[in-house]
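Number of protein chains: 2
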Amino acid sequence: MESIWLNGTWTAAHALDTFRTMNPATGEALEGEYPVSSWQDCDLALNAAQHAFVALQKVAAEQRAAFLEAFARAIEARASELTETAHRETALPVRPRLADVELPRTTTQLRQAAQAARDGSWMQPVIDTKLNIRSCFAPIGPVVVFGPNNFPFAFNGVAGGDFAAAIAAGCPVIAKAHPLHPATSRLLAECARHATAVTGMPAAPLQMLYHLQPEDGLRLVADPRVGATAFTGSRAGGLALKRAADEAGRTIYLEMSSLNPIVFLPGALAERVDALVTETADSGLAAAGQFCTSPNLLFVVDGPHTDAFVQGLSSAYASRNPAPLLSHAGRDALHRSVQALTAAGATVRTGATPQSGSPGACYRNTVLQVSGAQFLAQAEALQKEAFGNVTTVVHCTDHAELLRALETLEGNLTASIYSAEDSADDALYHEVAARLRPRCGRLLNDKMPTGVALSPAMNHGGPYPSTGHAGFTAVGIPRSIQRFCALQCYDGVRQDRLPAALRDDAPARAAGPVA
Amino acid sequence: MESIWLNGTWTAAHALDTFRTMNPATGEALEGEYPVSSWQDCDLALNAAQHAFVALQKVAAEQRAAFLEAFARAIEARASELTETAHRETALPVRPRLADVELPRTTTQLRQAAQAARDGSWMQPVIDTKLNIRSCFAPIGPVVVFGPNNFPFAFNGVAGGDFAAAIAAGCPVIAKAHPLHPATSRLLAECARHATAVTGMPAAPLQMLYHLQPEDGLRLVADPRVGATAFTGSRAGGLALKRAADEAGRTIYLEMSSLNPIVFLPGALAERVDALVTETADSGLAAAGQFCTSPNLLFVVDGPHTDAFVQGLSSAYASRNPAPLLSHAGRDALHRSVQALTAAGATVRTGATPQSGSPGACYRNTVLQVSGAQFLAQAEALQKEAFGNVTTVVHCTDHAELLRALETLEGNLTASIYSAEDSADDALYHEVAARLRPRCGRLLNDKMPTGVALSPAMNHGGPYPSTGHAGFTAVGIPRSIQRFCALQCYDGVRQDRLPAALRDDAPARAAGPVA
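Note that the protein sequences, when read in sequence, are chains L and Y.
Sequential numbering from 37 applies to the first sequence in our numbering.
Sequential numbering from 37 applies to the second sequence in our numbering.
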């Protein structure tokens, strides 16, 4: 049985059980047996993280930055091994996805976090020299990260965006690795171990558990030793953790389900229906539709090009080979979601069954269709997320029905509007945008939502239930760091007792607002 | 029966019941009968606020600012009437408290909010011109404000800090006025009506209800038409609302109970014990101890001046006349809290009974004392808030016991440390500060916590359970505005469709971070 990463060393778990993994592309069992940790392991991780938090407060920002950069280099040094391992565990292709996109994304995030740790802008110091009142953001304490199944590197609790943001602020991480890619997580933890050693970190900034029983997860996020929790995953899992954290008064950030609605306005379809079909299929089928921002819900209004769009999309989905999903269990869950959608009135244009004759976790690329009237009648049921290569087209009779349908949308991470290049769609655009804007975190024009750029202007967040708080983002440094901060004020505190960033001679002082 | 303020007009309530008020200084009934609103009134207020939210989005920031300033002027124009009315309802003195401190504080907040609305810094625009990704904070929707009993102007849902911050962001307010000062709230709403009219606001930015049944309050904060709720009041009330809001995925900010611990280090007592006694009594008995930041819990270590401090404080409390509390019910609740504290092991140094022979809601100024060992044994019970003129001294045997006791503290709004002017206390200071810092929002040196300056550097917030989220403050513009914001991103959106603050020609563009 593999060891867990605790207190700077590989440690035998107090396991309640063990689990093994399977290559989702082949159905073959993979090597390695991993522990399902007991609460005792959580308790040890919490104590270690609490100790590390105290130690990290005494570490200069420069050393945290050096650690993050050393971690990035360590990942690059083992890139082949990492991408091969992740490929076996997830079936995501080594190239371009893992080696050319996700691994560089991960190291970029670590380096951006290093830069943020160094420049300290996330602290947002405000100094009132007249009253000698000063405040800034400070690390909130140990951060628990629940990583998702769909990004073995970039959202992994051990090395991904949440990890990078927490460390940038000075918060140690307790990672609950995703049980679909434990070998990848183990390798990443090894890279973190190496980076900790070469940069002389005083205590392990990372603890890693492979798997937990659900009740121990709930207990973990409610524990008073935890500063905050970041979760990326399903709505059901996220809401259960939210309830436990809320009840205990603990801070939790959730990145849950999102359908990422796209509205195709008539002028756009008239102008470039074939291009839009291709663009939608490319985005909707990328990674077999297993992105948080995959376009799962498309809105069109009856018109001369509407049937061509729906027919074209169905043909495109039918003609492409489905990529394997991340697990056989995920394929089965996807099928149950499709059945729920058809039970709610959606009709099948193509797909809607597992891919026969494949040992892999493949599901046929699926396009469902529903009328605007039916969507309005079953708005909640038809917003059930189907995580995978499934897209539902809502075919509205007219503009009024479209607008009413948009008003039933739950909170989403993204929403997109495609409109004519000229002003043909402008009037309708504004009506549509007014309805989508409060219901999403990122509003796009003529662009698919599946690229989540590592930009300081990015918002990978949105209204509930896409997340738990519309004021925060999980991607985009430095803003993503704010999740792991407490606001701390110093009133009448003597100069030599202030944090460096709040002293009269602080380098950042000139930059921050001064009253 | 008085009318409620709905949709820009005084409207007859759908009342389930009515209530009357009493002058807490005299016990005399005051004029006026006020409605306890039914859900129907809440529903009307929600619809009106939703309508106002849409209308407010089309209003220039300058007009919002003008409204806030006109509101401040309207309050000043009726200052005598307001302070006399509030005095009758709360027993707080007209001068200096109401006329010279709280009313100017209220108008200053409104004007600071106006300035923030105008300069737009709260939007924090970030523009990535290379990728054409832009984001900023935007108003989250209608804001419900539950005002507390202890600040009839400055924290009133109708005119106080939460109101000002919400309007600055462009969020209309539904105020649940506090039932201990309905006539004051009515007058403030009249001032808001006047300001709405003279500045030509398109829809009423304020709805006001006087009172609700508890179950309707829970339903209100969970309603999907609400963007966020701000609550200031008791822990029990706040936690009930939090549960309802959390369960529905609605955003809520709470400013609940806080004991505001003060640690007097030995060197400070040696240097200036008499001055510290006076300073503590002045702060602890100000407004009969009914501030969110009143010092309710004092820590001292056994030493040559400790008894002098405790004895001096007891004498000072005993010798001063108790001011009336805000209500007779509050006096009774205070007495129950004192009984709970003594049941948990605190001994009475002075007070601990209602003031006899007074028609007013007076309670004898009370000093309780408990040993460090007893505090450690009953840490939770001895942290029960006693809202009023009651202070508990924890007398620790030595430094180690003091530090252990501090480690049991719940989250507080403030924590203060008094130390010697020279370096005599420095070593202990750092040990104490390390324990207090993560347990409070504002850390003070040699200063009582009861002044909450209107500074952009202020943090009137803190770790749970003093608030519901340690990342936000209820006082200090512009930061307090962030509570009522959603992060909104625009990706690939055409220039003419962007909010003004995110366009290439935005005046703020030069100031915001640009990637």
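Think of the hints as simulated: they come from the structure by calculation, not from any bench.
Treat the numbers as computed from the prediction; the structure is a model and nothing was measured.
Don't take every hint at face value.
Stated by the list, open to error - Here are the computed lysine-lysine pairs in the DSS-like style, where the Cα-Cα straight-line distance is at most 25 Å: (1) K483(L) - K483(Y); (2) K483(Y) - K166(L); (3) K420(L) - K483(L).
Claimed, not checked - So the derived list for chain L, only partly shown, Cβ under 7 Å to chain Y, looks like this: (4) N168; (5) D282; (6) L490.
Said to hold, decoys possible - Computed footprint of chain Y on chain L; a stretch qualifies when at least three of its residues, placed anywhere within it, have a C-beta under 8 Å from a C-beta of chain Y: (7) 100-108; (8) 346-353; (9) 523-534.
Idealized CB from N, CA, C, for every residue including glycine.
Notebook entry, point to check: Which hint numbers does the structure go against, in order from smallest to largest?
Noted result: Hint check: 1, 4, 6, 7, 8 fail, others pass.
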